[in-house]
Amino acid sequence: MEPIIRLKDVSMVYGVNGTRATALAGVSFDVRRGEYVVITGESGSGKSTLLTVLGGLQVPTGGAVRIGGADLSALPADGLADFRRETIGFVFQAYHLLPYLTARENVMVPMSPERISPREKASLAGELLAAVGLAGMEDRLPSQLSGGESQRVAIARALVHDPPVILADEPTGNLDSATGKQVLDLFSSLHARGKTVLMVTHNLSNLARATRSIRLRDGRIEDDRTRRPLTAKPLAV
Amino acid sequence: MNIRVLAWKNLLRRKSRAVFTGLGIFLGIATFVAISSITSQMEGAVQDQLDRFGANIVVSPRTERLSLGFGDIALGGTEVAHSRLTMGDRERIASIHHKDRIRSIVPFLMTAVDASGKNVVWMGLPAADVAGARPWWKVRGGSELRRGEVLLGAEAAALLDKGPGGTVTAGNRLYRVAGVLQPTGEKEDGMVIADIADVQVLAKKSGAVTHFEVAALCKDCPVEDIVAQIGQALPGARVSAIRQVVESRKAAVDHLRRLGFGVSAIVLLIGGLMVLVTVMGGVQERTREIGVLRAVGFRKRSIFSLLFWETGWVSLISSLLGAGTGIAAAYLASPAFGIEHPAIVFSPAIFGAVVGFSLGLMGAVPPARRAAALSPTEAIRSL
Ligand SMILES: Nc1ncnc2c1ncn2[C@@H]1O[C@H](COP(=O)(O)OP(=O)(O)OP(=O)(O)O)[C@@H](O)[C@H]1O
Ligand SMILES: [Mg+2]
Chain A
2 MEPIIRLKDV
12 SMVYGVNGTR
22 ATALAGVSFD
32 VRRGEYVVIT
42 GESGSGKSTL
52 LTVLGGLQVP
62 TGGAVRIGGA
72 DLSALPADGL
82 ADFRRETIGF
92 VFQAYHLLPY
102 LTARENVMVP
112 MSPERISPRE
122 KASLAGELLA
132 AVGLAGMEDR
142 LPSQLSGGES
152 QRVAIARALV
162 HDPPVILADE
172 PTGNLDSATG
182 KQVLDLFSSL
192 HARGKTVLMV
202 THNLSNLARA
212 TRSIRLRDGR
222 IEDDRTRRPL
232 TAKPLAV
Chain B
402 MNIRVLAWKN
412 LLRRKSRAVF
422 TGLGIFLGIA
432 TFVAISSITS
442 QMEGAVQDQL
452 DRFGANIVVS
462 PRTERLSLGF
472 GDIALGGTEV
482 AHSRLTMGDR
492 ERIASIHHKD
502 RIRSIVPFLM
512 TAVDASGKNV
522 VWMGLPAADV
532 AGARPWWKVR
542 GGSELRRGEV
552 LLGAEAAALL
562 DKGPGGTVTA
572 GNRLYRVAGV
582 LQPTGEKEDG
592 MVIADIADVQ
602 VLAKKSGAVT
612 HFEVAALCKD
622 CPVEDIVAQI
632 GQALPGARVS
642 AIRQVVESRK
652 AAVDHLRRLG
662 FGVSAIVLLI
672 GGLMVLVTVM
682 GGVQERTREI
692 GVLRAVGFRK
702 RSIFSLLFWE
712 TGWVSLISSL
722 LGAGTGIAAA
732 YLASPAFGIE
742 HPAIVFSPAI
752 FGAVVGFSLG
762 LMGAVPPARR
772 AAALSPTEAI
782 RSL
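Protein chains in written order, with this note's numbering: chain A, 2 to 238; chain B, 402 to 784.
Please note: incorrect hints may appear among the correct ones.
As the list claims (entries may be wrong) - Partial list, computed: chain B residues near chain A (C-beta under 8 Å):
#: 1; residue: 410
#: 2; residue: 695
#: 3; residue: 698
#: 4; residue: 700
#: 5; residue: 701
As the list claims (entries may be wrong) - Below are the SDA-like pairs computed for lysine to any residue, each with C-alpha atoms no more than 25 Å apart in a straight line:
#: 6; chain 1: B; residue 1: 410; chain 2: A; residue 2: 120
#: 7; chain 1: B; residue 1: 410; chain 2: A; residue 2: 99
#: 8; chain 1: B; residue 1: 416; chain 2: B; residue 2: 681
#: 9; chain 1: B; residue 1: 500; chain 2: B; residue 2: 531
#: 10; chain 1: B; residue 1: 500; chain 2: B; residue 2: 633
#: 11; chain 1: B; residue 1: 701; chain 2: A; residue 2: 60
#: 12; chain 1: B; residue 1: 416; chain 2: B; residue 2: 678
#: 13; chain 1: B; residue 1: 410; chain 2: A; residue 2: 142
#: 14; chain 1: B; residue 1: 701; chain 2: A; residue 2: 83
#: 15; chain 1: B; residue 1: 410; chain 2: A; residue 2: 115
#: 16; chain 1: B; residue 1: 563; chain 2: B; residue 2: 520
#: 17; chain 1: B; residue 1: 410; chain 2: A; residue 2: 138
#: 18; chain 1: B; residue 1: 416; chain 2: A; residue 2: 145
#: 19; chain 1: B; residue 1: 500; chain 2: B; residue 2: 608
What the hints contain is simulated information worked out from the structure, not anything from laboratory work.
Computed from a predicted structure; not experimentally measured.
Glycine included, every Cβ here is placed at the ideal spot set by N, Cα and C.
Just chain A, with the same shape it has in the complex (with noise of 0.2 Å):
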């Protein structure tokens, strides 16, 4: 079986004022679906940046990347934006809410240039809320959350169409140790959905989740390495 994403000497070189930053040099690897991978690395070393080429934000200066079988190289801007939309589920560390919108207005927000009825979006938007454990919470702004309820917030809008991918850029990096378990708990359940993970972060602790852990290192990976077997077949998506 192909594998979901394969990333073929990837590079990334930002030209900024004259100088340039290299900030992936040449990045291969393969994900299966319904692996659940963990990047590490220290800072500056090219997550963040890798993470916004896997998830079709940015073009790479090099290399190819392919997704779901498309090329996002071959993609034109709409079809970026379509291949984000239905292939890509992004949560930031900062969760990133519209802080005028409710709880389930910011789950709607990724539905609304959809003609789909508003009661149709709201309650598909209740129902991803409950499932992220928080039913009750619907008409809440984000001042009204705390940092574990509005990444939940988050992780709901993340599913909305429910997508094959989950890109998560260090999702726990605001949250308590407690809180940021129920968030990393919420992660696995998606993983035992069958859905694939790829989760920045700094916390070691989270490595424990993971089937497979990838180390940069100056825009390079350091170290690859399964951590346990991908046991169950991975469900379709």
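Since the structure of chain A is already known, use the hints to place chain B with the ligands on it.
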């Protein structure tokens, strides 16, 4: 929730920015609507006042020798005999196609007849039309002119040595002096003014008319058409528009209108620029938010319409409020502009609201395009 609602919620969050953005459009539209509804009503009022300044068309006989112009009346016993106009021609003028535009038709008969032994010119016109045809006359000792009475021009009064209440003899009859005109600087200063029927008797010309003065209401009416129609009705007559009067009326109203349009155009332009600047500033502030939306799969077009709708809402609401305020302001301010019967004029309000709305949307295009063009890289960096 769709893009429109998302845009609306975003606006509510930034109320003061929204108010500021809308203020330019609001003021522009309010000014435009107020000024144009006042000017359009003033056009009527100004026209009305100008129309009171007497005739703008003169109908005189076509003769070889006699040139009867307005205020340039050469007279003599034989020359008057050339007159071919009669009282009956009044009906023919009154029946032209544009008859509803004709405010008054006043027949005049000028003749030279001795009065109390002095040679003077008599001006005859229907006694009842004196006030309408010569509203600027100030009559000393004045009572209204009736048949059997005369008004004396200032010089004529001095020449005849008569004052109000005195009498003048002419054609073996006594005429009571109803009043004396204050000097006007015109030829009537030296004339004796009487009812046209009396002058016709004195001149022994029953029904004779030297010329007609026609006052046409010329709010956007073609004076030339009226002149041509009277010419057709009276083939023997010479019909001429008094250019000066006609043109000055047009000019007065045109200036007013141009002033109104100029002021509103400038205010509207400023409003449009305000929209542009504030929305442009908003894009910068919102790079991160746009990044989030790109990350969750918004296409460029969706980002564009989000920004566009935000401005759309502001423009729509401020245009409508501006139009309403403009109507109200015009209505309240009308008396100060000499409009006696203020009316609510809807056409400038509708026009203004549409223009303001479109202008606001036009101002929104550059920032919306810029937001849509924001590369995800740039937007995502702040994530
Ligand atoms: N948009 C950009 N323009 C220029 N340089 C950039 C840009 N984004 C990242 N970099 C540089 O690329 C390198 C990798 O950055 P990246 O954000 O991927 O690191 P990271 O591993 O996520 O670090 P951290 O753990 O601090 O989040 C850094 O040296 C950074 O300065
Ligand atoms: Mg990072």
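Hints, one by one, checked against the model:
Checking residue 410 of chain B against chain A by beta carbon gives a least distance of about 6 Å; that is within 8 Å, so the hint holds. Look at residue 695 of chain B: its Cβ gets to within about 7 Å of chain A, closer than 8 Å, so that hint holds up. For residue 698 of chain B, the shortest C-beta to C-beta distance to chain A is roughly 2 Å, which falls under 8 Å, so the interface hint holds. The restraint placing residue 700 of chain B at the interface with chain A holds, with a minimum CB-CB distance near 4 Å, inside the 8 Å limit.
This hint holds: residue 701 of chain B has a C-beta 6 Å from the nearest C-beta of chain A, less than the 8 Å allowed. For the hint pairing residue 410 of chain B with residue 120 of chain A, the CA-to-CA distance comes to about 18 Å; that is within 25 Å, so the pair holds. Proximity of residue 410 of chain B to residue 99 of chain A is assessed by CA-CA distance (about 10 Å); at most 25 Å being required, the pair is judged to hold. Proposed proximity of residue 416 of chain B and residue 681 of chain B is supported: the alpha carbons are some 16 Å apart, at most 25 Å.
Of the supplied pair hints, the one linking residue 500 of chain B and residue 531 of chain B holds, its CA atoms being roughly 22 Å apart against a limit of 25 Å. Straight-line distance between C-alpha atoms of residue 500 of chain B and residue 633 of chain B comes to about 13 Å, which keeps the hinted pair within the 25 Å bound. Distance restraint check for residue 701 of chain B and residue 60 of chain A: the Cα-Cα separation of roughly 16 Å lies within the 25 Å cut-off, and the hinted pair is therefore satisfied. The straight-line distance between the Cα atoms of residue 416 of chain B and residue 678 of chain B is roughly 16 Å, inside the 25 Å bound, and the hint therefore holds.
A C-alpha spacing of about 13 Å is found between residue 410 of chain B and residue 142 of chain A, which places the hinted pair at or below 25 Å, so the restraint holds. For the suggested pair residue 701 of chain B and residue 83 of chain A, the alpha carbons sit about 11 Å apart, so the restraint of at most 25 Å is met. With a CA separation close to 17 Å, the supplied pair residue 410 of chain B and residue 115 of chain A stays within the 25 Å bound. The hinted pair formed by residue 563 of chain B and residue 520 of chain B meets the criterion: a straight-line CA distance of about 15 Å does not exceed 25 Å.
Between residue 410 of chain B and residue 138 of chain A the CA atoms are separated by roughly 19 Å; this keeps the pair inside 25 Å, and the hint holds. Distance check on the hinted pair: residue 416 of chain B and residue 145 of chain A sit about 21 Å apart at the alpha-carbon level, within 25 Å; holds. As the CA atoms of residue 500 of chain B and residue 608 of chain B are separated by approximately 23 Å, the hinted pair is consistent with the 25 Å bound.
The earlier numbered hints are all upheld by this structure, with none contradicted.
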